[in-house]
Amino acid sequence: MSDPTGDTPAVTVGGAPLHTGSRATRVLGLAALATIALWALYGLVWSPADREMGDLVRLLYVHVPVAILLYAGAGLTTFASAMWLRRRTPGWDALAVAAAELGVLFGVLTLLTGSIWGKPTWNTFWTWDARLTSTALLEVLLIGYLAVRRVDPSPAGGSVRASILGLLLFPNVIIVHYSVDWWRSLHQPATVTRLDPTIEGDMLVALMVGMLAGALTFAWLLLHRFRLAWLEQQVERHDLVAAVADRRAEGDPGAGTPASSNPTPTEPEAQPA
Amino acid sequence: MSVATASLVAMSDGGYLAAGWGATIGLIGAYALITVRRGRRLSRRVPEGDRRWT
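Sequence order for the protein chains is A and B.
Residues 59 to 331 (my numbering) are what the first sequence spells out, left to right.
Residues 170 to 223 (my numbering) are what the second sequence spells out, left to right.
Read the hints as simulated data drawn from the structure, not as lab findings.
Any given hint might turn out to be false.
[Said to hold, decoys possible] Below, a sample of chain A positions facing chain B; criterion: calculated Cβ distance under 7 Å: (1) L76; (2) L96; (3) L99; (4) L114; (5) V293.
[Claimed, not checked] Distance ranges between label pairs, derived from CB positions: (6) A:V198 to B:L196: 13 to 21 Å; (7) B:L202 to A:W241: 18 to 26 Å; (8) A:G259 to B:L196: 23 to 31 Å; (9) A:G112 to B:W222: 32 to 40 Å.
Small disclaimer: the values here were computed from a predicted structure and weren't measured.
All residues carry an ideal CB built from backbone N, CA and C; glycine is no exception.
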């Protein structure tokens with residue numbers, strides 16, 4: 059990647075950038091890259107091996123942060139879905155789809171890093187354990203959320219159905235988190251999301267730096283993905299206006315050139331988030 | 170980062186560590202790249218007034 063923040067060629071037309079970057083994302087992107095480098099150093103070099111797990115503990119510095127970001131993505135989707143159902147403004151819909159997509163990404167990473175850790179530790183990549191199964195179910199729900207949006211031909215219909223499904227995501231996060239307490243599980247109980255963390259010293263620092271790097275990366279990705287969803291909504295809206303104008307022009311031969319040749323048709327202003 | 174890579178190779182279970190860390194950083198990087206590229210492509214189709222960030 060020649061441009062890791064994706065923002066440097068500030069190609070603008072009259073001040074508005076021709077990309078989803080901004081000053082905020084540039085600062086955030088640089089901070090995320092610096093923290094990721096620190097995370098790799100702490101996680102792979104500076105922190106000691108665990109007495110029982112050995113070097114495999116270093117996988118947990120990746121697995122735990124991505125699992126928490128899965129929770130964040132699902133929780134944010136539920137919140138944005140609820141807000142969209144209440145207010146019906148396009149910004150909440152864009153936020154919901156952005157958070158859901160990030161939830162899918164971090165869900166895949168959670169399951170992947172967990173399986174890679176499980177093979178040498180439990181001697182299997184997968185077992186139908188309560189934590190693993192509920193996490194897989196959460197991932198399926200997130201993918202379902204994105205699929206439902208595409209199934210309905212009308213954008214508003216897809217958003218309504220997806221938002222209702224989105225409301226189920228956070229309750230499922232609670233089930234995933236407490237599954238290790240509610241059912242007998244092979245998975246270890248909470249390590250850091252408690253008042254007295256069961257790890258300390260450089261190992262705790264490595265995990266915390268990982269969480270900070272993850273949070274910054276999540277915020278950077280969310281901003282870009284939110285703006286992309288916003289652009290998708292605008293393109294859809296403009297295409298619809300152009301199609302309606304074309305249809306009208308077909309019915310009225312004296313109306314002149316079809317509106318699709320006009321790159322900036324006029325239509326009602328969308329409400330910002 | 171080369172210090173981290175060399176350290177990873179020398180460790181026991183280095184293959185699992187490389188797979189876990191590599192998949193995480195690789196997938197996040199690929200997703201970031203795809204998102205930024207899609208944004209640039211779509212930006213050209215949206216009027217200036219509808220791109221409200223600077």
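Quick rundown of the hints versus the structure:
Hint status for L76 (chain A) relative to chain B: holds, with the closest Cβ pair at about 4 Å, below 7 Å. Using the Cβ-Cβ criterion of 7 Å, the hint placing L96 (chain A) at the interface with chain B is not satisfied: the shortest such distance is roughly 10 Å. For L99 (chain A), the suggested interface contact is upheld, since its CB lies about 6 Å from the closest CB of chain B, less than 7 Å. The interface hint given for L114 (chain A) holds, since its Cβ lies 5 Å from the closest Cβ of chain B, which is under the 7 Å cut-off.
Look at V293 (chain A): its Cβ gets to within about 5 Å of chain B, closer than 7 Å, so that hint holds up. The hinted range of 13 to 21 Å is satisfied by V198 (chain A) and L196 (chain B), whose Cβ atoms lie roughly 19 Å apart. One distance hint, 18 to 26 Å for the beta-carbon pair L202 (chain B) and W241 (chain A), is violated here, with the actual separation near 40 Å. Between G259 (chain A) and L196 (chain B) the Cβ separation comes to about 30 Å, which falls inside the hinted range of 23 to 31 Å.
For G112 (chain A) and W222 (chain B), the Cβ-Cβ distance of about 47 Å falls outside the hinted range of 32 to 40 Å, so the restraint is violated.
When the structure is compared with the earlier hints, violations turn up for hints 2, 7, 9 and for no others.
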